[in-house]
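Asker: Sequence:
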Amino acid sequence: MILTVTLNAALDVTYQVPDVDWDGVNRVSAVHRRAGGKGVNVARVLATLGQDVLVTGLAGGPTGRAIEHDLRAAGLPAALHPVAADSRTTLVVSEQAGPRTALFNEPGPEVTPTELAGFVRHYESLLDAAGAVVISGSLPRGVPAETYATLAAVAAEKGVPAIVDADGDPLRHAPKGRPSVVKPNREELARAVPGGSPAEGAQALRSQGAGAVVVSMGADGLLAVTDEGTFTARMPYTVRGNPTGAGDSLVAGLALGLVESASWPDSLRRAAALGAAAVAAPVAGDFDPDVYADIHPQIIIT
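Residue numbering for the sequence shown follows full-length UniProt numbering, beginning at 1 and increasing consecutively.
Each hint should be verified, as a subset may be incorrect.
[As the list claims (entries may be wrong)] Using 20 Å as the maximum straight-line C-alpha spacing, the simulated DMTMM-like pairs for lysine to aspartate or glutamate come out as follows:
| hint | residue 1 | residue 2 |
| --- | --- | --- |
| 1 | K158 | E200 |
| 2 | K158 | D288 |
| 3 | K158 | E188 |
| 4 | K176 | D227 |
| 5 | K176 | E146 |
| 6 | K176 | E260 |
| 7 | K176 | E188 |
| 8 | K176 | E200 |
[Stated by the list, open to error] The calculated label-pair distances, taken between Cβ atoms and stated as ranges, are:
| hint | residue 1 | residue 2 | range |
| --- | --- | --- | --- |
| 9 | I300 | Q96 | 43 to 51 Å |
| 10 | S263 | L103 | 30 to 38 Å |
| 11 | G118 | Q298 | 42 to 50 Å |
Rather than coming from a laboratory, the hints here were simulated on the basis of the structure. A quick note: this is a predicted structure, and the numbers were derived from the prediction, not measured. Glycine residues also receive a C-beta, built at the ideal position from the N, C-alpha and C atoms.
Taking the hints into account, I'd like the entire structure generated from these sequences.
Answerer: Given below as structure tokens:
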């Protein structure tokens, strides 16, 4: 089983519109509402690939109940830990004519120290059945920036490989927890380790404790700095669409590589192909299987 952690779970609302008029009235052509947050999106992709998953994290209030209801409806096993405050909603506006995409993220609930401590105990018990854990996304209010490092360290103590996908201070702290993989995108890495190339930034995070650092670089593919060397995955062409959730699909591929003990070239090729195929899908947590099948064998690993 692959465990995914989403401390700032959300109800994701996606509006598809033909063309956005920011000064006028817009008519929405399609609306999607579903449980979201980066770890939830990762779990959706893994479940589509036939993997056993378990979603955990924090959820509270009416929005939290809507999140839990949608996970049940989707057949995604979940063990969310309750908090008193209401969970957040996110809004994606995806322009079909552009295509351009705008994402609006609420900050999330205020989490108390008691609630967080309860979650950590809950999380530790779930690790007993996990082959890997994905810890990803933003932190809700009240949760310290070093929390992802703490969760990764707990997993390491139990021998469970962890992937951390975060930004800002949570990313900067993450290597201290000795995660197996840290997965920033190029912009997140530059904020965490300013002033150097992506390879230098990735190596800096490795030197601080990360087992490997995989940097997603959009149409430029992937850069992975590992204990076996440095790898790049080059894309044969650019897939256009909604990039929201592409990084989560990529992380799902990396998590699958961990539980299968796949080689780095095989793991990176699958991860890059899933990320590209997610861009072709309208909603985060989905990917286009035809795009995946077409692009996967064409990705060049060096």
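Asker: Each hint: holds or not?
Answerer: Verification of the hints:
1. A distance of roughly 30 Å separates the Cα atoms of K158 and E200; the hinted pair therefore is violated under the 20 Å criterion.
2. A distance of roughly 35 Å separates the Cα atoms of K158 and D288; the hinted pair therefore is violated under the 20 Å criterion.
3. Distance check on the hinted pair: K158 and E188 sit about 28 Å apart at the alpha-carbon level, beyond 20 Å; violated.
4. Proximity of K176 to D227 is assessed by CA-CA distance (about 17 Å); at most 20 Å being required, the pair is judged to hold.
5. For the given pair, K176 sits about 9 Å from E146 by alpha-carbon distance, which is consistent with the 20 Å threshold.
6. For the hint linking K176 to E260, the alpha-carbon distance of about 25 Å lies beyond 20 Å, and the restraint is violated.
7. About 17 Å separates the Cα atoms of K176 and E188, which keeps this hinted pair within 20 Å; it holds.
8. Of the supplied pair hints, the one linking K176 and E200 holds, its CA atoms being roughly 18 Å apart against a limit of 20 Å.
9. Between I300 and Q96, the C-beta spacing of about 31 Å breaks the proposed range 43 to 51 Å.
10. Checked against the hint of 30 to 38 Å, the C-beta distance between S263 and L103 comes to roughly 34 Å, which is consistent with it.
11. One distance hint, 42 to 50 Å for the beta-carbon pair G118 and Q298, holds here, with the actual separation near 47 Å.
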